[in-house]
Amino acid sequence: MTRGARAALQQAGFSRRDFLKTSGALIVGFSASHSLLHAQGGGPTPGSPSLNQVDSWIAIAADGSVTAYSGKEELGQGISTAQIQLVAEELCVPIERVKLIYCDTALTPDQAHTSGSQSHPANFNKDNLAQAGATAREALLKLAANRWAVPVDQLTVADGILTVKNNPSKKTSYGELVGGKKFNLTLDRKAQRKPPSQWTVLGQPVMRPDLPALISGQFEFVHNVRLPGMLHGQVVRPPAVGATVIGVDENSVKDMPGVVKVVVRKNFVGLVAEKPWQAIQAAAKLKVDWTPGAGLPNHADFYQHLRNQKPTRDTLLVDSKDVEQRLAESASVLNATYLHPYQMHGSVGSSCAVADVQGDHATIYSPTQAVWYQRNTAAMILGLKPENLHVIYRPGSGCYGLNGADTVTYDAALLSQAVGKPVRVQLSRKDEMAWENFGNAYVIEQRAGLDAKGNILAWLHESWSPTLGNRPGPGTPGNVITGLLVGFEPEPLVPRSPAPDPRSYNNGSNGVPSYVAGRIDGANCGTGTIKSERVLLHSVRSPFWTGPLRSPARIQNTFAHECFMDELASRVKADPLEYRLRHLSDPRLTGVVKAAAKAANWDARPSPKPEVRKTGIVTGRGIACVLYEGDNGYSAMVAEVEVNQDSGKIAVKHIVVATDCGPISNPDGLRNQIEGGALQGASRALMEEVTWDDQKVTSFDWATYHSLPLGFEIPRIESVLLNRPDQAATGAGELSITLVPAAIGNAIFDATGARIRQVPFTPERVKAALAARA
Amino acid sequence: MSAITLKVNGQSHTLDLDPATPLLYALSDDLALRGPKFGCGLGQCGACTVIVKGQAVRSCVTPVKAVAGSEITTLEGLGAVDNLHPIQKAFLVERAAQCGFCLNGIILTAKAFLDKNPQASDQEIQQAMSTVLCRCFTNVRMLAAIRRYQQETAR
Chain A
1 MTRGARAALQ QAGFSRRDFL KTSGALIVGF SASHSLLHAQ GGGPTPGSPS LNQVDSWIAI
61 AADGSVTAYS GKEELGQGIS TAQIQLVAEE LCVPIERVKL IYCDTALTPD QAHTSGSQSH
121 PANFNKDNLA QAGATAREAL LKLAANRWAV PVDQLTVADG ILTVKNNPSK KTSYGELVGG
181 KKFNLTLDRK AQRKPPSQWT VLGQPVMRPD LPALISGQFE FVHNVRLPGM LHGQVVRPPA
241 VGATVIGVDE NSVKDMPGVV KVVVRKNFVG LVAEKPWQAI QAAAKLKVDW TPGAGLPNHA
301 DFYQHLRNQK PTRDTLLVDS KDVEQRLAES ASVLNATYLH PYQMHGSVGS SCAVADVQGD
361 HATIYSPTQA VWYQRNTAAM ILGLKPENLH VIYRPGSGCY GLNGADTVTY DAALLSQAVG
421 KPVRVQLSRK DEMAWENFGN AYVIEQRAGL DAKGNILAWL HESWSPTLGN RPGPGTPGNV
481 ITGLLVGFEP EPLVPRSPAP DPRSYNNGSN GVPSYVAGRI DGANCGTGTI KSERVLLHSV
541 RSPFWTGPLR SPARIQNTFA HECFMDELAS RVKADPLEYR LRHLSDPRLT GVVKAAAKAA
601 NWDARPSPKP EVRKTGIVTG RGIACVLYEG DNGYSAMVAE VEVNQDSGKI AVKHIVVATD
661 CGPISNPDGL RNQIEGGALQ GASRALMEEV TWDDQKVTSF DWATYHSLPL GFEIPRIESV
721 LLNRPDQAAT GAGELSITLV PAAIGNAIFD ATGARIRQVP FTPERVKAAL AARA
Chain B
775 MSAITLKVNG QSHTLDLDPA TPLLYALSDD LALRGPKFGC GLGQCGACTV IVKGQAVRSC
835 VTPVKAVAGS EITTLEGLGA VDNLHPIQKA FLVERAAQCG FCLNGIILTA KAFLDKNPQA
895 SDQEIQQAMS TVLCRCFTNV RMLAAIRRYQ QETAR
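In order, the protein sequences belong to chains A and B. Heads up: the first sequence runs through residues 1 to 774, numbered per my numbering. Heads up: the second sequence runs through residues 775 to 929, numbered per my numbering.
Misleading hints may appear alongside valid ones.
These stretches of chain A come out as covered by chain B in the derived footprint (C-beta under 8 angstroms, 3 or more residues) [said to hold, decoys possible]:
| no. | stretch |
| --- | --- |
| 1 | 74 to 83 |
| 2 | 169 to 178 |
| 3 | 275 to 288 |
For the record, the hints were derived by calculation from the structure and aren't laboratory data. Glycine included, each C-beta is placed from N, C-alpha and C at the ideal position.
Bound-form chain A, shown alone (with noise of 0.2 angstroms):
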């Protein structure tokens, strides 16, 4: 999106994520025609509090204590302290007298989800929570001044107490001035937000609130809640993919102790019983007759499945419409392809929800992360009206993007509904894992043409991307598992071949490599200098289910294109850091680039190293780099790896990270999720992947499906905040590990001169590729 662009609805009163989430043109890969029914569904939803008015972000109560509103919730990544310290700094109170409320139907906002590193664009800029602060703040302010009718600039506030800076016995407080009534008031556009030289609560190191609970086993997650009367649900889940019911024997359940009711809808079957146990043990022995599965593509070709997939829905991001040409004039031309699995979210707690559906009206607690959509799909699945169902968010085991949190609320909700009273249901192991929606495998080619110095002419990126399902917008609940069983369809895959040109720059998911010039009509919109470039995504129908996976789409995108500019630099002899800076144009990408070799004391020379030895222990390093989603927050990576070159078991010693992401709000929360998500990273490079036999899923738990654990030997890492209190806030938690894959793999073919391009790096992975090198 072009800044006029952004103005311009900004203007209007939506936020940057409610355009991508309305705006169907310039949605690529995975949510291409999800973003189509949000258009029908326009912004936010009817009867939510208004983003444009303060009192649907702040109140005042008569002792002074401020409540923030906030459609963005506490998901384990901090942001919910962060927004505590907004509005702190914002109204000058001290961080405990503010309370801060996030997602509830009956109470805040309508924010779309708490997603792809959205939080702190979405509030911590000129719209939202911020500005409604701002706007709270001079209102405050004004209310003074003409009391006392002094001028604003003759007031100090500090401590929710307004003062006559000549007249000190001149002093009023929030409560005596507004506690307890509205403001009445639109958020002022104009309303000047703190500057950050004057910070003194933001940009602190604040603690989590939340901690001292969490850590002595008080805090109360979803997991958590009881309600009076309360039962238990299991779900009973179709043995193979596309399996469908035939029957279902209620009598073979029938002298278990506590069963309550067996309850089929469709292909939906679950039942509910006194205790969670006896639910267990009941759903085992459910007699259920199901159809054969539809049957699975072989796992072992997968990817070249993918590839000959039709039909297909093509996009392009970038066309310069002269790469064939320009390819025909290079000195030297390279072509590498690279792959990248399904992998899961695995939240080490499986998800969980209670609802409580009592006629035509519901509560529901749930670890969504959109509890308006949840609200109105849920609605759907139950046949209820929207405006009688009540979402009320509840923390879940961390998701990382679309884990089980949607579909198992739809359980919850239907097994509530069958019985009239409230239900708990917790998924098992296997039922959040073997139907979770996957993040999405990747095929990616690249190519480019150098010229005879060396540079690079040309870059052509082509992609193919499975897809079925994805977040529950605002009217599809058929995108999770449990809405499909019931009848709902997920969001079609609309074919469409050849793409049209791009109209306008987006590169929310990638696509576009950082050293191309992302030109449409006529102005560079990326962060590099190759001027003739094409990146062409092609979303093909997924056998599983599929949606967001931190830094999905970005994660897969950025392996193939920081792996492959390795390769491009190795082919000239090139160092990879200088080679990058080389066609690099925007210096804020440059900044954290150079700014993560300095701190790494980059070793620079051409890779892989000289002389590398063929057996044993060898050890190198590899660099990566990242404008997140093409506009949200920009990192490097620099990873030190050790190669055990006889066993292929790859050691990440020591990763340094650099960051910028506008003025930071809280460093601590900023190293602790840089900290997550480089580890994350390596335990999904090294070695998570999805298997499947012909007819169902088979990594299900944790024998099978692989996750490095706590107590493995983790590297050293080093952190290297850039604080830019004259920029725009951006996303911070898909940063580091949207870089790991491609760090790593630079890295081992810096120590081997072995290029790995398909992830998880397995030891027999490794091995093969030592084995194939010349």
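Fit chain B to the given chain A structure using the hints.
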């Protein structure tokens, strides 16, 4: 069903349970404790861990009859918000959490191990902690907190 007496965090509770019921359900549902959590139900992730006779035990695969009468400690039994146990304090000082769902298993597994092996090397701690998962990958801070607890109790 039969009457089973569980001693949890210093209190005795007599419950009417199927003796094969995994301990986790007695703790989290009959006793409404929030510390032990269902993560996998297979003893693979550690989220359900409790300490019985000094050992970290996976309550999701331990029948109540096997621990009846034994002293069972859950995370809330270590220390409350206003009276944290030294290992909980170490986690607070290191700010070692993201979503926090795994904390129960991480803290209790580390405590049971270090109380028996106060001189454990980094490698031995790693080995002991390779049986638990934090999918937010708060490893850096959690391992720092575990070492902090080890060092502070050694003094």
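Checked hints:
Counting residues of the stretch 74 to 83 of chain A whose CB lies closer than 8 angstroms to any CB of chain B gives 4, which reaches the minimum of 3, so the coverage claim holds. With 0 residues bearing a CB less than 8 angstroms from a CB of chain B, the stretch 169 to 178 of chain A misses the requirement of three and the coverage assertion fails. Counting residues of the stretch 275 to 288 of chain A whose CB lies closer than 8 angstroms to any CB of chain B gives 4, so the stated coverage by that chain holds, three being the minimum.
Violated hints amount to a single one, hint 2; each of the other numbered hints is respected by the structure.
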